[in-house]
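These protein sequence lines are chains A and B, in that order. Residue numbering for the first sequence is 1 to 525, as defined by our numbering. Residue numbering for the second sequence is 1 to 326, as defined by our numbering.
What the hints contain is simulated information worked out from the structure, not anything from laboratory work. Cβ coordinates follow ideal geometry from the N, Cα and C atoms, glycine included. Wrong hints could be hidden among the right ones.
What the simulated footprint calls covered on chain A by chain B, stretch by stretch (three residues with Cβ under 8 Å from a Cβ of chain B suffice, anywhere in the stretch; the number is not a length) [said to hold, decoys possible]: (1) 93 to 107; (2) 181 to 192; (3) 236 to 243; (4) 393 to 400; (5) 439 to 448.
Keeping only pairs whose Cα atoms sit at most 27 Å apart, straight-line, the calculated DSSO-like set for lysine-lysine is [what the hints assert, rightly or not]: (6) Lys-44(A) - Lys-83(B); (7) Lys-63(A) - Lys-146(A); (8) Lys-206(A) - Lys-181(A); (9) Lys-265(A) - Lys-324(A); (10) Lys-83(B) - Lys-129(A); (11) Lys-292(A) - Lys-480(A); (12) Lys-63(A) - Lys-49(B); (13) Lys-317(A) - Lys-206(A); (14) Lys-83(B) - Lys-206(A); (15) Lys-83(B) - Lys-189(A); (16) Lys-69(B) - Lys-189(A).
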Amino acid sequence: MKGLYFVLTLMLATVVSSYTMATHATTINTQTISTKATSAKTIKIALDHDPISLDPHEQLTEKTLQTSHLLFDPLLRWTQDNTLEARLATHWRNLDAHTTRFFLRDNVTFHSGNPLTVDDVVFTIERLKKSPDFKALFDNILTVKKVDRLTFDIVTKKPTPLLLNLMTYVFPMDHQFYQDKDRVLKFGKSFASYNVSGTGPFIVTKREQGKQIDFIRNPNYWDTSSKGNIGRIELTPIKSNSTRLAALLSDDVDFIHPVAPLDTKRLENTANIDLITLLSSRVLLLQLNQTKRAEFQDIRVRKAINLAINQQLIVDKVLKGLSKAAGQLSHEQFMGHVEELQPLYNLDQARQLMQEAGYASGFRVSMITSYGINAQVAQAIESMLAKINIQIDLKAVPAAQYLRAIDERSTDLLLMSWLSDTQDSNNLFEFLIACTDEKTGFGAFNTHGYCNPAIDNMINAANEELDQTKRRDLLQTIEKQLAADAVFVPIAWLHLSWAAKRHINLHTIVNNQNLYYLGDTVVSD
Amino acid sequence: MFVFLLRRLLQACIVMLIISLLSFVIQGNLGDPVRQMVGQSVTSEEVEKIRQEQGLNDSFFQQYGRYIKNALHGDFGESYFYKEPAFHVIMAKLPATIELTLAAIILTIVIAIPCGVFTAIRPKNLASHGIMFFSTIGLSTPIFITAILLLYVFSALLQWTPSFGRGETVSIMGLWESGFFSLDGLYHLILPSISLSFILAPLFIRLIRSEMLEIMESEYIKYAKAKGLSSARVYFIHALKNIMLPIITIGGIQIGNIIAYTILTETVFQWPGMGSLFIDSINRVDTPVISAYLMVVGVIFVFTNTLVDLVYGLFNPTVKLAVKDV
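The whole structure should be built from the sequences, with the hints applied where relevant.
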């Protein structure tokens, strides 16, 4: 009996002491914030994932970029209306077709206290060229030459029209801090995935992977003109759509992304909550595997499939009118966008084409897509193609199996989406249209097996063309050629959606690339 | 007793070996873990290089052999996502799941025993009909629907309860993160534990009721009543104690179901336990965590079943563990 009492007392003591410790910790935090900015606000964010790592070069995903914008600053960044804005690079000029000179902002310090110099930029770009995820993007950069402490030249192998777009991926890292500990590791612990020294507006205070990340504002942030008043960010991943929504409705969080299409109606009618949906440039398309199915080699069949699918109906019914029906790959903000290419729907003509091709009685094909909204679109396509007697064996699989199906080209029809890394049409063409080349990574997601050397030449030419009009011509010619050959079926440009408490001023935060600059966000009372 | 435990330990080892083999076979079909770790524009050459480094291109038996060898040294591999030993990752999540399960079991006991006994001794009472009606609904509603409904009503509409997570936890001797000792933690426990017990309680209400109905007809209960014992003593000591054996047996089997249900409950409430970890790991093809989870769950099964066998003896001293015949 005595032993039991002892255990109980011990437990009580631990509980009491942990309570005191917890209260103590909170006091310290509030103090640091209140001394720096009296009006500092806390914002609680719930997203569907948390970043896999704090290393900005470990994985090229939206989540990594979002985190990078909190902890680091890029040389240039995209504004809300998709123009480029100077950040750590103040200005730049072209010296010749291969060389661009950049001027770095002075008086910027890293979280560690080290000053930002050209050495950090050189270190960062060299590291990017070693990262498996980023090396393809930076492949064209030959060297970075240091001119003086704050000036550097970027020398490219070929003339690079999209050099400035690329610079939005350069978030200078503190080279003295990461020195000799800069390995990019996909599997296993690396120094950079747990330790950060950037120039960004926020500092990580606590990170429990898969559960929560806490940030506080960097008291020494260089951008003193920024009116941002967020002092603390608590970021929690919530996987389930309905739980994330409930968390917002019950005041447990202030800001959520994404919002399921089904829930948007409900939120529009909720007082005190803002809902914003923006069209992104992510395009959803149906690829027809010509290598696997002889039927798809017949252009009449490909045209018939294009005519049988009613993009507008899919957008209205499945995507709740939030996305936009597509008749091509290039989003309207892209250079390659051709206004005349609109989605076509004509069932009679489709049936006639099938008859001419000798497939009036149709055939049976396999189709793979990933879980989620794509699977619902796939079901709609299944019933639309049934009308021209194409029977589909549809399989929705988790992301990992879906990527395997792409790598192995093992399915007849594939519904997939793609977001251009460079905000330019050519990135879409390189990955989805170019002939597959293991070495260069071109055509890595070309599962339709269409290979047209003339188009490949145009893609390469557009990569080097500095004259904007000529470049536009090239990209639009490719888009028109693809439509004439009915290579794939463009379905829609997908939307992004966010919801937040009204005082967060959501409209000042979001853009259609899903990057948030919370350092500059002004939250109302 | 000792021999009994030793035999159980041997069985456990065989079970573990089979589970590890099965989990390895399944993993081959989950997809490519490397593809999950890289962005969209990585060349297949790079992917191949990483696969080679990770030994993912070796034959099935090579990989399995390596796994068993490491496992015998207590190394279950390193999680691809958490970048920590898989076993540690699971152990860090274990307290959350155990506390949730424990809370649900306590709730179930508190609800099921009084309700079960009441419906048996007053079968004609209106309240009994009500209880039976709700137990039918509880049994036939999938747990994720119950959970989402509770979440919607009590969190989103009424804003009485928190919507996700565990809230504030208290570390006990640095070993166990507990939500039992903080108000916030208890507050967060309400909805998840209710939705878990929603599926368990009806089952036990019905079980206790039918067992009680049967035993109330037996001679010794009639005799006890005739002797003038208080009805509370008759129902709860004489009757209830004697129907505990089948209930404990079913309870032991239900432990397995609870583990399955925690996967769903934890996903809905973003409860940071083993269940949601398992689902996430499957989606990420985090194979070391998947294997380690299956192993840990296997151990829990063997452990609870052994415990159930030991508890038999407490309720009915005539039950002998397989000791004497050895």
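Checklist entry - Against the structure shown, which of the earlier numbered hints fail to hold, in ascending order? => result Those not satisfied are hints 1, 7 and 13.
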